[in-house]
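Spelled out, the chains give:
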Amino acid sequence: VTETDAARPPLTRWARPVMGSVASVLVIQAADAGSGPPMEDDALVEGVFARLAAAEADLSLWRPDSPLSRWRRGDASLDAMPDAVVQVLRVAAEVREMSGGFFDADRLGGRTDPTGVAKGWAVEQAAEVLRRAHRRGIVAVGGDLVCVGRPPARWGRPPTDDRRVELWPIGVRHPWRPGALARVVGVEAAIATSGVYERGAHLVDPYLGQPACRAASATVIGPRLDVADGLATALAIGADAVLARIEGLAGYEAYLVRSDGSEAETSGLVTLDADGL
Amino acid sequence: VVSATVAGFAGVLAFRSHPATTIDAGSRAAGQSTSSGRPGGASPSSPVGRPGSGPSRAGRTGGSPGASSARSATGPLENYGYGALSVRVTTRGRRITGLTVVDLQTAEPYSASLAAQVIPVLAREVLRAQGTRIAAVSGATYTSEAYAASVQAALDRLGA
Numbered sequence: 016v017t018e019t020d021a022a023r024p025p026l027t028r029w030a031r032p033v034m035g036s037v038a039s040v041l042v043i044q045a046a047d048a049g050s051g052p053p054m055e056d057d058a059l060v061e062g063v064f065a066r067l068a069a070a071e072a073d074l075s076l077w078r079p080d081s082p083l084s085r086w087r088r089g090d091a092s093l094d095a096m097p098d099a100v101v102q103v104l105r106v107a108a109e110v111r112e113m114s115g116g117f118f119d120a121d122r123l124g125g126r127t128d129p130t131g132v133a134k135g136w137a138v139e140q141a142a143e144v145l146r147r148a149h150r151r152g153i154v155a156v157g158g159d160l161v162c163v164g165r166p167p168a169r170w171g172r173p174p175t176d177d178r179r180v181e182l183w184p185i186g187v188r189h190p191w192r193p194g195a196l197a198r199v200v201g202v203e204a205a206i207a208t209s210g211v212y213e214r215g216a217h218l219v220d221p222y223l224g225q226p227a228c229r230a231a232s233a234t235v236i237g238p239r240l241d242v243a244d245g246l247a248t249a250l251a252i253g254a255d256a257v258l259a260r261i262e263g264l265a266g267y268e269a270y271l272v273r274s275d276g277s278e279a280e281t282s283g284l285v286t287l288d289a290d291g292l
Numbered sequence: 004v005v006s007a008t009v010a011g012f013a014g015v016l017a018f019r020s021h022p023a024t025t026i027d028a029g030s031r032a033a034g035q036s037t038s039s040g041r042p043g044g045a046s047p048s049s050p051v052g053r054p055g056s057g058p059s060r061a062g063r064t065g066g067s068p069g070a071s072s073a074r075s076a077t078g079p080l081e082n083y084g085y086g087a088l089s090v091r092v093t094t095r096g097r098r099i100t101g102l103t104v105v106d107l108q109t110a111e112p113y114s115a116s117l118a119a120q121v122i123p124v125l126a127r128e129v130l131r132a133q134g135t136r137i138a139a140v141s142g143a144t145y146t147s148e149a150y151a152a153s154v155q156a157a158l159d160r161l162g163a
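From first to last, the protein sequence lines stand for chains Z and B.
Going by our numbering, the first sequence opens with residue 16, and the numbers climb by one from there.
Going by our numbering, the second sequence opens with residue 4, and the numbers climb by one from there.
Be aware that one or more of the hints could be misleading.
To be verified - Interface residues of chain B toward chain Z, partial, derived using beta-carbon atoms under 7 Å:
{"hint": "1", "residue": "105"}
{"hint": "2", "residue": "138"}
{"hint": "3", "residue": "139"}
{"hint": "4", "residue": "141"}
{"hint": "5", "residue": "142"}
Rather than coming from a laboratory, the hints here were simulated on the basis of the structure.
The C-beta atom is built at its ideal place from N, Cα and C for all residues, glycine as well.
The following block holds chain Z by itself, in its conformation from the complex (with noise of 0.2 Å):
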């Protein structure tokens, strides 16, 4: 073990365009694996990127002819509908149920959208690749991400606090101060923010039936991110009265930036210092 293996975690990203965004995963390397990822990492890799690929397929309302959005136009049964968008439309409405209607999977711009959950869900998926090959790491699309097992030693906390070495040191990022962190938070399994950020609003509030958003930024922490994904969407659009509804979930943590800036987050969140400490 060199000096340097023993300063910092040895681990590897890669990243790629997928689903209009970036995906980016991170392998912590074997403990024997020497000065470079081995080659079988590609491999493990490429299969994440795979499943990120075939639920984009699936799932992609940008594309017309994917299974979705020939479902909501009318042009195919739920029957003749994959898997994914089975699921994906089954945990869209379970969010509906948790976040007390603010996510409105069938409200959200008039028509059944259960894009909220559908990467989240995306993310979940090519997670499982890692996992099942009992690997640690993240995998992230656009911000959203699952942690794979427990992170490095260098980034949990010292091991007098148990419960801390488990978590992933995660930023937050600023809503409105770009390259800045508004918090770094401890995360074991999922975290998704939604928020205004460089764009103002786009998120419609399902009981006005027009662009609201009453959060800057919207963090849910949780043990699934296709739950965790449509929580922070309710999040942004109904901020206090759904973090008071998340509060009572258990397992799910959330973060409110406020539009005028002040912040709320329900009992159970964990806040690191700048230094993932």
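Following the hints, complete the assembly by docking chain B onto the known chain Z.
Then chain B, alone, in the frame of chain Z:
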């Protein structure tokens, strides 16, 4: 084989595609620590990655031919919906030492001013990410993704 070191900010600022291009991330090198403040002050505006400083990356930098000479490549124009940009990347050994937007096209002035505001920060993000302990960043933006894609493409060219 060029392998640039880029860490942190995985969501939008993580690079690698060819097997030959190892982008290796990680915490800052030992002994180089200076905390950049509290959360909320966790902005990447503190010292940009210092090329060549700090302990060498054992077993990587040393053995790599031409590791100390600077090389550059330009990524293609990446469209991000409100415009397009192209980034020129300079590496020295395994580190990215310079980032320049060589082409920026926007349809309207608002997008241009937005990009002008965002781009310098993205460059700082990439450079500083070489020494961060954040595993990844949640929340992405249009501009940041186009920027990341162009940087990635430039790195691919350097690795080719």
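Minimum beta-carbon distance criterion (7 Å), residue 105 of chain B to chain Z: violated (20 Å)
Residue hint residue 138 of chain B, partner chain Z, criterion CB-CB below 7 Å: Constraint on residue 138 of chain B satisfied, holds at 5 Å.
Holds or violated: is there a CB of chain Z closer than 7 Å to the CB of residue 141 of chain B? holds (4 Å)
Can you verify the interface hint for residue 139 of chain B: is its Cβ closer than 7 Å to any Cβ in chain Z? holds (5 Å)
Per-residue hint verdict: residue 142 of chain B, partner chain Z, C-beta under 7 Å: holds (3 Å)
Violated hint: 1 only; the structure is consistent with all others.
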